[in-house]
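Taken in sequence, the protein lines are chains A and B.
Heads up, the first sequence is in the working numbering, so the first residue is 1 and it goes up one at a time.
Heads up, the second sequence is in the working numbering, so the first residue is 534 and it goes up one at a time.
These aren't lab readings, by the way, just hints derived from the structure by calculation.
Glycine residues also receive a C-beta, built at the ideal position from the N, C-alpha and C atoms.
Careful: at least some of the hints might be erroneous.
Taking beta-carbon pairs under 8 Å as the criterion, some of the chain A residues facing chain B (in silico) [claimed, not checked]:
no.	residue
1	218
2	219
3	228
4	229
5	230
6	233
7	234
8	426
9	427
10	451
Computed list of lysine-lysine pairs in BS3-like fashion (alpha-carbon distance at most 27 Å, straight line) [stated by the list, open to error]:
no.	chain 1	residue 1	chain 2	residue 2
11	B	539	A	492
12	B	813	A	424
13	B	702	A	492
14	B	893	A	214
15	A	533	B	622
16	B	622	B	539
17	A	533	B	539
18	B	813	B	825
19	B	702	A	527
20	A	152	A	351
21	A	214	B	855
22	A	492	B	704
23	B	893	B	825
Far from chain B, some chain A residues (derived; all Cβ distances over 12 Å) [what the hints assert, rightly or not]:
no.	residue
24	68
25	104
26	109
27	124
28	141
29	184
30	216
31	217
32	284
33	330
34	372
35	396
36	423
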Amino acid sequence: MNALDFLPEQIKDEKTTARFYHQAQWTERLIFELSQPGQRGVLVPEVEPEILAKDPDPLAALPDKLRRKQPPALPEVSQVHVLRHYLRLSQETLGAGLVPDFGMATSTMKYNPPINEQLARSPKLSELHPLQDERTVQGILEVIYRFEQILKEISGMARFSFQPRAGSHAIYTNASIVRAYHAARGEAERRDEVITTIFAHPSDAACPGTAGYKLITLYPEECGYPSLEAIRAAVSERTAALFITNPDDTGIFNPIIDKFVEVVHTAGGLCSYDQANANGLLGITRAADAGFDLCHFNLHKTFSTPHGSGGPGAGACGVTESLARYLPVPIVEFDGQKYYLDYDRPDSIGKVSSFYGMVSNILRAYAWAMSLGADGMREAAEVAVLNNNYLMKKILEIPGITAPYAEGKRRIEQVRYSIEELTKETGIHCLDFALRMADHAAHGFLSHHPFVVPEPLTLEPTESYSKTDIDEYAAAWSKVAAEARSQPELVKTAPHQSAVHQVTEHDPFEDPDHWAITWRAYQRKAKVRDASK
Amino acid sequence: MPPNEKQLGLIINPISGIGGAVSLKGSDGTSIQERARALGAVPRAQERAGEALRPLLPFQGEFELITYPGEMGADAAIVCGFKPAVIGKITSGNTTAADTQRAAREMQAMDVDLLLFAGGDGTARDIASAIGTQTPVLGIPTGVKIYSAVYATNPRSAGELAALYLHGKAKELREAEVVDIDEEDVRQGVVSVILYGYLRIPFRRSLVQSLKSSSPPSEQYSTNAIAATIIEQMAPDWLYILGPGTTTRAITDRLGLAKTLIGVDVLQNHQILASDVTEKELLSLLNQHPAKIIVTPIGGQGYVFGRGNQQISAEVIRRVGKENIIVVSTKDKIVTLRGQPLLVDTGSSTVDKLLCGYVKVVTGYNEYTIYRISS
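With the rest of the complex left out, here is chain A:
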């Protein structure tokens, strides 16, 4: 007898395979539309008479330029209605705490331990101000300094900057360092090409492109990575750098990466290793040992800090000794007595954002690394690889699903699958499959363009989840693949059990006249649309 035995038949059947799931669905207006004049969530206490006796207008000291002319246009809603509103919205989302969401590919969230969250929210950190005198923030400076020592050990690099607020921001920073390096040699103009691969993270092309570089993209051979001949054909006296992930989005590790680095170095270029996701590598391989000059980690991936839906992230850039002088300012230094911020770095590329980084994430990541220790981090990487290869075995047992390139070989931390055979047999495309998975409480990662792997779906289980979690996820895939054959219409019209069903008509999220990310933009666009009717 267990708890599931008391559930209705329809639900109980699922206990050994895919779990039954149905998302809440609320008719809920925007918080701004709930506003009613005079409603209040919080009543601010009156100023105490004792204070008024001393100063009848305590706000008088505020300079005029800091005072609003108009009160802010905030919605006026009572506390219980605000609470209810956001609880309802939260029921219509999926979060890493709610489901193991392997379908997010390289963006799959690891577990974010609440203890690290508690540390980050402690007033000891949250009440600090970045403009405080550094003598009064020795604690957090020490955390930053010590975490830098940990990343140095993990990567073999000489120095780190924590200023970038995201992975792409870190790649952009590294591209800026590459340019500073070539500028110092009088070669910035001539060296205007960056080499990357089609299966590297798209930001490895996009960020150097944004920094002004021309891009050369290499395509893989059957082994899953480009040939040495291809990289030899790509380099020239115009090569600024190689920006690459390894393993890349297929989960295949390029074992001759050091030869790639050598070819680029011989041509006079630098090599930057995108280690945003180093889940399968911690304690096993090091960027510097393969000859790389730069690397970066996403703390909001490899080091378990939350993604936070677009922020706050943290990208840590690491460089070799000879490139350290180009890192953004400030750098946290220790003189044997106290920690201090070093702004006096004349060759620095300058600031890439304010102050010294997303300190709450540095603290969370430091706490995570300290709780695991060196052996623990290596074990985390080993379990991530084991989990992935166990999941791959189960997924490849499903007829119609393959893992193109290096077939039959193991992968590191993720796998890009192809359901092309299933598509040919049933007409179910990868998007249909991903949308049906929403009925099993899973997102589908859809940023596969261009479809080098046909009908792609990418899974990464990370080390955070158990064998049971993986079995359950694989069972859901198996069920959807079976449905593709037995009830293709059910799959094509999915999701059926989610807050939002398939958008079948004109998709407003694609139309710049419709989508809006702020209330003000929403109102403005609605007004334009009404006027044109």
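Use these hints to put chain B onto chain A, whose structure you have.
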């Protein structure tokens, strides 16, 4: 969509594909068709057209299906469960290319929203010569030769894409190449692909991308970006020998020039120096100026030389030099090669060998790929 606001045309080339099953490499011409029948071939066009119609069945109340009688459309439509509006007249059992062309013209005159046609490269040529690029069309692959880019990957996807287009969900149209090979040559073991023109087809941005917040660039955006890169790098007084293709045509479009649709043109100083040139004319121009060749893969197999651009002969290539060859291609086209190399077939094994190896392909604005060429 209000009932019957849209019109879908349907033309089936009933004998398309008949030669394939008996290994005749095609079905062009009545003598081959008779030979195929004598060898016991059964045309599969009706069945495959039916596969394309099936995904449209759930929406049959939302559009009017217009087709030709009997085996040219009405039979397959009725078997499938449609009640088509049948126009025109045919002699059943003895239809010809002229029937296909007349049907296409009549449907164009009725202003159909989309014309589905079932056939192969020969049928695509008939449709292109009859109606040009005005009316959007889409091919259901039923023929033996499918070198043209106007066909869906299989009959069912043709139906699915037609449904998306009629629902306004696949809005973008693009011009796709109509190419054909000489069947008699193929039977002799020689392949010579000729570019016959273009048809306008709905462009299926992969369904997955339609839900992404940052949409991938459209075909037109990509070819424009490639053209901008090429034009920025053009040097004064150099000749630019421009092969056929929509990607190379974007270069002349961007310069405000008119490119010969299926021929080779020569540019100099952002002007057209010579249009639709022959090999002889090219060789004579090469005596006067240094030149670069700009080509794009033609057809689905990824040929950059020897298919549809034979004017740029082995001798022209040899004189221009490998270092002055610029290959342009959208990323989507590279991806459809599925890892297969780009191909050359210049007729000279020495020149083919010279071209083999890695080449830098322009794929976007300041974007390149290093890609393998093989012969």
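For each hint, the structure was consulted:
1. A distance limit of 8 Å between C-beta atoms decides the matter here; for residue 218 of chain A the minimum to chain B is near 6 Å, and the interface restraint holds.
2. For residue 219 of chain A, the interface hint holds, since its Cβ comes within 8 Å of a Cβ in chain B; the closest pair sits about 6 Å apart.
3. Interface restraint check for residue 228 of chain A: the shortest CB-CB distance to chain B comes to about 11 Å, outside 8 Å, so the restraint is violated.
4. Of the supplied interface hints, the one on residue 229 of chain A holds, with its beta-carbon coming within about 6 Å of a beta-carbon of chain B, less than 8 Å.
5. Of the supplied interface hints, the one on residue 230 of chain A holds, with its beta-carbon coming within about 5 Å of a beta-carbon of chain B, less than 8 Å.
6. Checking residue 233 of chain A against chain B by beta carbon gives a least distance of about 4 Å; that is within 8 Å, so the hint holds.
7. Contact between residue 234 of chain A and chain B, as hinted, is supported at the beta carbon level, the nearest pair being about 5 Å apart and thus within 8 Å.
8. The criterion of a C-beta within 8 Å of any C-beta in chain B is not met by residue 426 of chain A, whose closest approach is roughly 10 Å, and the hint is violated.
9. With its C-beta approaching chain B no nearer than about 6 Å, residue 427 of chain A sits inside the 8 Å limit, and its interface hint holds.
10. With 8 Å as the threshold, the beta carbon of residue 451 of chain A comes within range of chain B, its nearest partner Cβ sitting at about 6 Å, so the hint holds.
11. For the suggested pair residue 539 of chain B and residue 492 of chain A, the alpha carbons sit about 24 Å apart, so the restraint of at most 27 Å is met.
12. At roughly 47 Å between alpha-carbon atoms, residue 813 of chain B and residue 424 of chain A are farther apart than 27 Å, so this suggested pair is violated.
13. Distance restraint check for residue 702 of chain B and residue 492 of chain A: the Cα-Cα separation of roughly 16 Å lies within the 27 Å cut-off, and the hinted pair is therefore satisfied.
14. For the hint pairing residue 893 of chain B with residue 214 of chain A, the CA-to-CA distance comes to about 13 Å; that is within 27 Å, so the pair holds.
15. Distance hint between residue 533 of chain A and residue 622 of chain B is unfulfilled; the C-alpha atoms sit about 46 Å from each other, more than 27 Å.
16. The straight-line distance between the Cα atoms of residue 622 of chain B and residue 539 of chain B is roughly 23 Å, inside the 27 Å bound, and the hint therefore holds.
17. Proximity of residue 533 of chain A to residue 539 of chain B is assessed by CA-CA distance (about 23 Å); at most 27 Å being required, the pair is judged to hold.
18. At most 27 Å may separate the alpha-carbon atoms for a hinted pair to count; residue 813 of chain B and residue 825 of chain B meet this at roughly 17 Å.
19. Only pairs whose Cα atoms come within 27 Å are accepted, and residue 702 of chain B paired with residue 527 of chain A is accepted, the gap being roughly 25 Å.
20. Under the criterion of a C-alpha separation no larger than 27 Å, the hint pairing residue 152 of chain A with residue 351 of chain A is consistent with the structure, at around 21 Å.
21. Taking the CA atoms of residue 214 of chain A and residue 855 of chain B, the gap is near 22 Å; set against the 27 Å cutoff, the hint holds.
22. Straight-line distance between C-alpha atoms of residue 492 of chain A and residue 704 of chain B comes to about 21 Å, which keeps the hinted pair within the 27 Å bound.
23. Distance restraint check for residue 893 of chain B and residue 825 of chain B: the Cα-Cα separation of roughly 14 Å lies within the 27 Å cut-off, and the hinted pair is therefore satisfied.
24. For residue 68 of chain A, the shortest C-beta to C-beta distance to chain B comes to about 33 Å, beyond the 12 Å cut-off, and the non-interface label holds.
25. Non-interface status of residue 104 of chain A relative to chain B is upheld: no Cβ of that chain comes within 12 Å, the nearest being about 14 Å off.
26. Against chain B, the non-interface label of residue 109 of chain A holds: every CB pair exceeds 12 Å, the least being about 19 Å.
27. Against chain B, the non-interface label of residue 124 of chain A holds: every CB pair exceeds 12 Å, the least being about 38 Å.
28. The beta carbon of residue 141 of chain A is kept farther than 12 Å from every beta carbon of chain B, the shortest such distance being approximately 38 Å.
29. Non-interface status of residue 184 of chain A relative to chain B is upheld: no Cβ of that chain comes within 12 Å, the nearest being about 24 Å off.
30. Taking the minimum C-beta to C-beta distance to chain B, about 5 Å, the non-interface status of residue 216 of chain A is violated against the 12 Å cut.
31. Consistency note on residue 217 of chain A: stated as away from chain B, yet its beta-carbon is not over 12 Å from all of that chain's, at 5 Å minimum.
32. For residue 284 of chain A, the condition that its CB be more than 12 Å from all CB atoms of chain B holds, with the nearest at approximately 29 Å.
33. The claim that residue 330 of chain A is not at the interface with chain B holds, since no C-beta of that chain comes within 12 Å of its own (minimum 34 Å).
34. Look at residue 372 of chain A: its CB is around 35 Å from the nearest CB on chain B, clear of 12 Å, so calling it non-interface holds up.
35. The Cβ of residue 396 of chain A lies farther than 12 Å from every Cβ of chain B, with a closest approach of about 20 Å, so its non-interface assignment holds.
36. Taking the minimum C-beta to C-beta distance to chain B, about 10 Å, the non-interface status of residue 423 of chain A is violated against the 12 Å cut.
Going down the numbered hints, you'll see the structure goes against 3, 8, 12, 15, 30, 31 and 36, while the others check out.
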